[in-house]
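Heads up: the protein sequence lines correspond to chains A and B, in order.
When we follow this note's numbering, the leftmost residue of the first sequence carries the number 3, and every step to the right adds one.
When we follow this note's numbering, the leftmost residue of the second sequence carries the number 51, and every step to the right adds one.
Treat the hints as calculated values from the structure; they're not laboratory data.
Glycine included, C-beta positions come from ideal geometry on N, C-alpha and C.
One side of the interface only, derived from the structure: several residues of chain B facing chain A at Cβ under 8 Å: (1) R81; (2) S86; (3) S87; (4) A88; (5) I91; (6) P430; (7) S461; (8) C462; (9) D515; (10) C516; (11) V518; (12) S526; (13) P527; (14) K528; (15) P568.
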Amino acid sequence: MTIPEKIESSTATLSRREALIRLLRAAGVGAGAAGLGVWLSRRSSRPEVVIASNVKRGHTVAPNPALPEMAIIEGDDPAQLARQAVEELGGMNRFVSRGDVVLVKPNIGWDRTPEQAANTNPDIVAEIVRQCLQSGAKRVFVTDVSCNEARRCFQRSGIAAAAQAAGAEVILPDPSRFKEVDLKGEVLTRWQVFDAFLNVDKIINVPIAKHHALTGTTLGMKNWYGILGGSRNQLHQRIHESLVDLADFMRPTLTVVDCYRVLLRNGPTGGNLDDVLLKKTLVASTDPVAIDAYVAKSIWNLDASSLPYLGMAARRGLGTMEFEKLRTRIKTI
Amino acid sequence: MRFLKPTRLRLYSQIFFFALFLLLLLRTEFRGSLSSSAQEIRLPYPVGLFFRLDPLVAISTALASHALYKGLLVSLIILIPTLFFGRFFCGWICPLGSIHHFFGSLKSERKRGKQLLDSNRYKRWQNTKYYLLAAVLVAAALGSGILGWLDPFSFLVRSLALSILPGTNYGLQALLRLLEQSPWGALRGIGGALHFVLGALVLNFKQPYFRQGVWLGALFIFIVALNFRITRFWCRAICPLGALLGLISRWSVLGLVKDSAKCNDCNRCLLRCQGGDDPIGGVAWHQPECHLCLNCVGECPEHALHFKLFPTQQTAGANLQRRKLLTGLAAGAAVVPLMRSTPGFAAERHERLLRPPGSVDEEFFLARCIRCGECMKVCPNNALQPALTQAGLEGLWTPILVPRIGYCETSCVLCSQVCPTGAIWEITAKEKGWSVDVGSTSKPIRLGTAFYDRGRCLPWAMATDCIVCEEWCPTSPKAIYFRPAEVFDAAGNPKQVKQPYLDPARCVGCGACEKACPVQDRPAVYVTSVGESRSRSNQILLNRRKG
Numbered sequence: 003m004t005i006p007e008k009i010e011s012s013t014a015t016l017s018r019r020e021a022l023i024r025l026l027r028a029a030g031v032g033a034g035a036a037g038l039g040v041w042l043s044r045r046s047s048r049p050e051v052v053i054a055s056n057v058k059r060g061h062t063v064a065p066n067p068a069l070p071e072m073a074i075i076e077g078d079d080p081a082q083l084a085r086q087a088v089e090e091l092g093g094m095n096r097f098v099s100r101g102d103v104v105l106v107k108p109n110i111g112w113d114r115t116p117e118q119a120a121n122t123n124p125d126i127v128a129e130i131v132r133q134c135l136q137s138g139a140k141r142v143f144v145t146d147v148s149c150n151e152a153r154r155c156f157q158r159s160g161i162a163a164a165a166q167a168a169g170a171e172v173i174l175p176d177p178s179r180f181k182e183v184d185l186k187g188e189v190l191t192r193w194q195v196f197d198a199f200l201n202v203d204k205i206i207n208v209p210i211a212k213h214h215a216l217t218g219t220t221l222g223m224k225n226w227y228g229i230l231g232g233s234r235n236q237l238h239q240r241i242h243e244s245l246v247d248l249a250d251f252m253r254p255t256l257t258v259v260d261c262y263r264v265l266l267r268n269g270p271t272g273g274n275l276d277d278v279l280l281k282k283t284l285v286a287s288t289d290p291v292a293i294d295a296y297v298a299k300s301i302w303n304l305d306a307s308s309l310p311y312l313g314m315a316a317r318r319g320l321g322t323m324e325f326e327k328l329r330t331r332i333k334t335i
Numbered sequence: 051m052r053f054l055k056p057t058r059l060r061l062y063s064q065i066f067f068f069a070l071f072l073l074l075l076l077r078t079e080f081r082g083s084l085s086s087s088a089q090e091i092r093l094p095y096p097v098g099l100f101f102r103l104d105p106l107v108a109i110s111t112a113l114a115s116h117a118l119y120k121g122l123l124v125s126l127i128i129l130i131p132t133l134f135f136g137r138f139f140c141g142w143i144c145p146l147g148s149i150h151h152f153f154g155s156l157k158s159e160r161k162r163g164k165q166l167l168d169s170n171r172y173k174r175w176q177n178t179k180y181y182l183l184a185a186v187l188v189a190a191a192l193g194s195g196i197l198g199w200l201d202p203f204s205f206l207v208r209s210l211a212l213s214i215l216p217g218t219n220y221g222l223q224a225l226l227r228l229l230e231q232s233p234w235g236a237l238r239g240i241g242g243a244l245h246f247v248l249g250a251l252v253l254n255f256k257q258p259y260f261r262q263g264v265w266l267g268a269l270f271i272f273i274v275a276l277n278f279r280i281t282r283f284w285c286r287a288i289c290p291l292g293a294l295l296g297l298i299s300r301w302s303v304l305g306l307v308k309d310s311a312k313c314n315d316c317n318r319c320l321l322r323c324q325g326g327d328d329p330i331g332g333v334a335w336h337q338p339e340c341h342l343c344l345n346c347v348g349e350c351p352e353h354a355l356h357f358k359l360f361p362t363q364q365t366a367g368a369n370l371q372r373r374k375l376l377t378g379l380a381a382g383a384a385v386v387p388l389m390r391s392t393p394g395f396a397a398e399r400h401e402r403l404l405r406p407p408g409s410v411d412e413e414f415f416l417a418r419c420i421r422c423g424e425c426m427k428v429c430p431n432n433a434l435q436p437a438l439t440q441a442g443l444e445g446l447w448t449p450i451l452v453p454r455i456g457y458c459e460t461s462c463v464l465c466s467q468v469c470p471t472g473a474i475w476e477i478t479a480k481e482k483g484w485s486v487d488v489g490s491t492s493k494p495i496r497l498g499t500a501f502y503d504r505g506r507c508l509p510w511a512m513a514t515d516c517i518v519c520e521e522w523c524p525t526s527p528k529a530i531y532f533r534p535a536e537v538f539d540a541a542g543n544p545k546q547v548k549q550p551y552l553d554p555a556r557c558v559g560c561g562a563c564e565k566a567c568p569v570q571d572r573p574a575v576y577v578t579s580v581g582e583s584r585s586r587s588n589q590i591l592l593n594r595r596k597g
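With these hints in hand, go ahead and build the complete structure from the sequences.
Encoded structure:
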């Protein structure tokens, strides 16, 4: 719009036609504003958090009575342990089909080196990734929602580099990628979950066995804390219920507990090599409850009675805590 | 040959150094690597390069500490060409100068015709910077690094790193969110591509937040906006580095020669003069004000202006008034004792004055720290924040650790790597000593000590299990331990909970417990500075002394 340079004084009256046009213009603006106002006021509602729909729960494969349900392997080479354990359970082909999108969930929680045994052994993670790809997985993701600064954890744990070299896509827990999800648990209902965990075909849980003051030990089920964002520091208040809720939500294809180096004290952070026991063992199972019960018993001599979450999980049908009844293969390489 | 015109060369130099500065600033951040498993984390770039080029920082640190820290010797390199060519640094290199140059050359209602010419004539108030320089150098000699409030790189890094860049990051993230959540697939595609590119180049992994960010940014914008009234007001009147280089340029052998016979008083040389140094004929050229931008030489239609080695023409010096200079010296001499006359410095330390790991004792810290904000920029947990009053008025914008925002990461020593002056003395993760190796006997660096507020702690006050603090405690053995206790809930039922305690002999004051405490607003465990290993006086326990 240009500003007229000179305003001519005029006494001429507006023509009827021009006056009508002006009136119509004013009416149009008025009607438009009113219409927009009505439309916007109809839309008004109390702001609500959007709940992610389309969440895949349960990644298990059909049981096979001819195959063992748990494998306990001992030996010097971590990667070889992982290879052998999966082999005993029927090979990765049983768990991962051609074209599957697989997520491998190690513990990358702490800014620690592999020797300090606060995070899963990188060689074990890399071997699992390799096997998934060999079984025809379309994509293999490796991620965790770290406690300490994530980029330091991913780098210093050695997991990011090892997994990437094995062909996995390593994703950092980008704060913009958390979605509100209804976990449908007893104490955990709506919670922020890292969206990398929400829509994959298979999930392989690869925790490391560590000491933990509140529950005595942190194993497979506790590893699911690492899918959550939000105020997960509140979960300790009802730790057993929240562990079971999470295990119910996730239901992994396979659980592989790294007992190569075991953090016996001052867990889950550790830091002191004196706290680390070189156990050179790896346990794998399709039963997420039994494997926790077994490792707790074999390393810390903790009975299922002192780990209430195991019983609660068994009652909810997530597995059995009577690991003795599992078809188990024990092998030393 | 247009591309090789002297003013063109100057422009290329300005662009190059500004880009270099911005690149180094953006890389003052641990971005991590998915393909490296290196356990010793150091920044691969010399991110503090520009501070190493700042002779003012070198001189003030030398005055304050009677020594030169790390690479500060390098800055003297800048002084040598200044002795020959004058303030070329201001016109050709300084990134803050280039920002002012850019905004000063934009058209402005306040600088038209005669106003513009007048604004570019030499003014007496341009001497303010020399008096400020005198004041901050005296303050430095008396042991206070307040020069950092005015040092151009401190000002620039602090403003950009703590305010402008975080703001930009927020804006870009909001834009990307808008694009990526749009109902149109094409926009979502553009958003995704943009996210990928920006993520690799500039976006932060986590949105950084800084206390006082809005004021630091507003101050920066105000100083830049002054260019719309007076070109390069900062460089002409405030910058103490410019003043230092101006004083040195008095001996410079390169000078402007005016052919007064040719000058027809067209005033065109004043149109784009940066320094306000009077290149026009008939008056003396003010050599210490000139930035060597060379605009006047190119503008003169009569070719009456030349830069020449060993000119014989008389020029004007800084022309300082003795009385004002003495005022500046006296102000600098008075301000330090004045600021230290409060009990805060000596007797009543602020309990939350938690300094970064490696920091020297408070007295030396205040002398060395130039309030540049590099440490705050690099901290991966956003834990270091500019102080407001915690360190006294003198400590404004010095770094403090705020555990509620972020704790000090066990193996991280990046702040000590980037500190240009040794206020945070460079240490290794091993020297920090938080992640002990077997057989290590050295004592860890402590930032303070954690305390429990049992009235807010869940197992103590609310008959609820928790001990997240114990879980997060990074020392081994853990500084936080617990005892099982029987408590009663509201209905009177007995209940077993684990109640946390703190062992001050093991606590390093990292603040992880405070960060992790689920009592969100005022945590039930918090760190105060008592027991910090850098201080001999701020201690509690006899058996915890160091050295």
